[in-house]
Structure formats: C-alpha cells, structure tokens
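The listed protein sequences derive, respectively, from chains A and B. With the first letter of the first sequence counted as 1, position 162 gets the number 197 in my numbering; the numbers rise by one all the way through. With the first letter of the second sequence counted as 1, position 176 gets the number 631 in my numbering; the numbers rise by one all the way through.
Since the hints were made in silico from the structure, they are not lab data. Mixed in with the good hints, there may be bad ones.
Claimed, not checked - If we take Cβ atoms under 8 Å as the criterion, some of the chain A residues that face chain B in the derived model are:
| no. | residue |
| --- | --- |
| 1 | 64 |
| 2 | 120 |
| 3 | 132 |
| 4 | 133 |
| 5 | 143 |
| 6 | 144 |
| 7 | 169 |
| 8 | 203 |
What the hints assert, rightly or not - Partial list, derived from the structure: chain B residues whose beta carbon lies under 7 Å from chain A:
| no. | residue |
| --- | --- |
| 9 | 522 |
| 10 | 526 |
| 11 | 528 |
| 12 | 537 |
| 13 | 544 |
| 14 | 546 |
| 15 | 630 |
Ideal Cβ placement from N, Cα and C applies to all residues, glycine included.
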Amino acid sequence: MSAADFYVPESAGGLPISLARVEKSFGALNVLSNFNIEVPAGQFLAVVGRSGGGKSTLMRLIAGLDAASSGRVSIGGRKVERLHPSVRLLFQEARLVPWQRVVENVGIARGANWQEKARNTLADVGLEGREDDWPSVLSGGQRQRVALARALVSEPQILLLDEPFGALDALTRIEMHRLLERIWTDRGFTTVLITHDVAEAVALADRVVVLRDGAIALDIDINLDRPRQELADPRAVDLQRQILDAV
Amino acid sequence: MAGSASWRGSSTGYGSRQRPCSTARSRWCATFRIWRSSLWFGIDETAKIFLVSIGVFFPIYINTFYGVRPIDPQLVEMASVYGLDRKALITRIILPGALPSILVGLRYALGFMWLTLIVAETISATSGIGYMTMNAREFLQTDIVLLGIIVYALLGKLADVATRAVERRVLVWHPAYQAGQGGKQ
C-alpha cells in the first residue's frame, strides 16, 4: 500500500515543545534541574536513559500530568498548565478498557462521528475487521495498536510515547516501528519517544537525547534515510555505539 | 490529574473512616430485626418488605463498595488523559468495572431474600408459604410441609438461574465468560 491509501486528517501537523530552566523535585530528590530543550514542530525526538534518569518525569511534564517545580514548559508558545487537548500519550501498557469493544476503546472520548473516525483509524493501524472484538482476545501487539489508534483518532499534534513497545516481542516491535514511522511520516505530528532501547531510538528518531542524572548528556541528530532498515546501516551501528557510551 | 487524584483520594479516605457493616454482624442482627420489625410494623406486609429490603441491601452495598475500590488507577488516569468527565468516568469505567462484584452481591442477596422471607412468614404472618408450612407442621401434615420446602427450593433456584443469565449477558467481555467463543487467539 502506498501512503496515499491511508486516511490522513486535514489538520495534520505538529506543535513545537519548549522547556526552559525547568526544575522538578519530589521532596528532597531533584529529578530535573535547570533543564532546557527545544523540540521543533514535527520532529521525532527520542529520549534515552537509564531507569530513574528522569525520562518519565520529563514526559509527564510535557503532557501536563505533573507541574514543574519551577521554569517554563510550553507547547506551541503557550505555557502548559494542564492536559493539552492536542497532546496524546501512549503508555507502556495498552490500558484498554476491558468492557468496551475495540472500536469503543478507540473512540473513548466519543464526540461527533466517533464510530466512523475510530473505524478509519483502526484500518490505518492494520486492525480492519477487529472493531467489534473484546480487548481480551487481542494479542499484546494488537492491543498496543488499538492504543495507538486511540491516541491518533483525535488527530493529535504531539504524540508522547512512554516505552510503548517495551513489553512486545522483537518481531512485533519491528512491525510497530514501521507502523509508527509510516503514520508519523503521513501526519507530521511532533513525537517524543521515551525508551531505554538505543536501537529503537536510532531506528525511529530524527534526534536522540541522552538523559543522565536529570541533565542532557548527549544530543545528536540522526540523519539516516527513511524508511529505515533496522540493523542494515553501518552508520546506525556507529550512532548506537556513540549513544551507548553516553548513557 | 486532579480528577483521578481526588477520586482515589476520596475512595481510600472513605474506606479508612467508615467500613460497611460486616456480613457476620448483619447475619447476627437478622433474627433480632424480625422481632423488632414486628414490634414496629405489626404483622402486615410493611414489616416483610422492610425486612427483605434491609436483608438485601447489605450484600449489594458491600459488594459494590469492594468492587469499586480495586479499579485500576491506570485506567482512571488514561480516562482523564483522554478527557473523560466525571459522569463518563463513572458510567464507562467505574461502574462497569465493579459490575462483576455487584452481581455476586446480587446473587447472594437473592438467596438471603428468600431466607428472610421464610423466617418473616413463619414468625409474623397470617398468610404466605411460610405461614402455610408452619400451620401444616402444627397439624403434622408432612406432605404440605414438604410442598412448602420444595416451592422455596424452586424459587431459590429460579432466582439463581436468572441472575446467572444476567451475568452471562452483561459480563460477555470478561475472559471467564468467553470460553465458548474460542478465547485468546
């Protein structure tokens, strides 16, 4: 299938994200201190780091789930104070509602024409014909696809991914990478991917940031051709080694 | 995140301050309540309706209470991220999630209902199956006593079968009720 076959909403596009002198502490523990980053509209940013390095905190700040202790987090030039309607999150677990069918899960926020939109988006993630199934009969990869469709159905301008493929097997993960890359190329939303998998970061992102002890230890651009072939490119291996050294 | 935080907060706070009347205690109270209610309401229908209402209230209340509490906070967080308001959160996430537990309460309550009704009819009544059976006992009409017991057994079974049918219908999403549909693929 070519890109033209897929359903692409008219308002596709991304919003820039900016964090300026952001601090976040939980009690005495300082997770992020004097943190600055600019993510241009439409960029695919991967944030790599060890557990407890502040990755999830960073994502929760951008999503508006938590407030910064000080500093400014802004989306599209506006300060983030609560959940932004054009920001969508994909969690590590699919978090599907077990008593709602697949199509109802995708259209969880309802709204006008939700059924039609949900069906279109499900077809887009390759789940045509599974609309009326219960989440309990789906495999892990299919559940994560439903979660992706649920995030995409409202045509977000920013997509935040918190290790969404961490629990999937290697083959399913590669499939999900291709799917995400294709949808991101079609729609052009700004993406922030939190991951501890360096290969995944290099395979997907335009730019990789390594977080260590709440500060940026490395910030590099990945200028590889798209669509990317995993493990095939020697330049990718070099980049992976460079990132691994910084983690 | 204010929505989900206040929801979790209120549920745990409520639980620590006030526990629902324990099952054991409500059982203990049952016989006493029958005497008390015939003092208050005499031996007409009001007394029986009062007794049965009290009897079925607690199993359903307790099971609803403990059905709502273990609902996955991650689902509640997801619901807030996707912009569900409080009403949608309750009708689409919290109540359906508590439904399996509520239905267990309903089944138990129906059993308890027949029990209460029999006792109420044997102690303070001028008509009814329990009254008929007690009267028959006085006159050693064992056939009628047996008939009363069988009628009660059938009514109890019928109520149970009906609730299970409701369970199968509304819990069709639950893996435990999908055995016939092939299960996980």
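Hints and how they fare:
With a least beta-carbon distance of about 19 Å to chain B, the hint placing residue 64 (chain A) at the interface is violated under the 8 Å criterion. Interface restraint check: residue 120 (chain A) against chain B, minimum CB-CB distance 7 Å, threshold 8 Å, status holds. Interface restraint check: residue 132 (chain A) against chain B, minimum CB-CB distance 6 Å, threshold 8 Å, status holds. Because the closest C-beta pair between residue 133 (chain A) and chain B is about 6 Å apart, less than 8 Å, the hint holds.
Interface hint at residue 143 (chain A): satisfied, since its Cβ lies 5 Å from the closest Cβ of chain B, which is below the 8 Å cut-off. For residue 144 (chain A), the interface hint holds, since its Cβ comes within 8 Å of a Cβ in chain B; the closest pair sits about 5 Å apart. Annotation: residue 169 (chain A) was flagged as interfacial toward chain B, and the flag holds, the nearest CB pair being 5 Å apart, inside 8 Å. Because the closest C-beta pair between residue 203 (chain A) and chain B is about 16 Å apart, greater than 8 Å, the hint is violated.
Using the Cβ-Cβ criterion of 7 Å, the hint placing residue 522 (chain B) at the interface with chain A is not satisfied: the shortest such distance is roughly 13 Å. Checking residue 526 (chain B) against chain A: minimum C-beta separation of about 11 Å lies over 7 Å; hint violated. A hinted interface residue such as residue 528 (chain B) counts as satisfied when its beta carbon comes closer than 7 Å to some beta carbon of chain A; here the least separation is about 11 Å, so the hint is violated. For residue 537 (chain B), the suggested interface contact is upheld, since its CB lies about 5 Å from the closest CB of chain A, less than 7 Å.
The interface hint given for residue 544 (chain B) is broken, as the beta carbon of that residue sits about 11 Å from the closest beta carbon of chain A, more than 7 Å. Given the 7 Å rule on beta carbons, the hint for residue 546 (chain B) is violated: about 11 Å separates it from the nearest Cβ of chain A. Among the interface hints, the one on residue 630 (chain B) holds; its C-beta lies about 5 Å from the nearest C-beta in chain A, closer than the 7 Å criterion.
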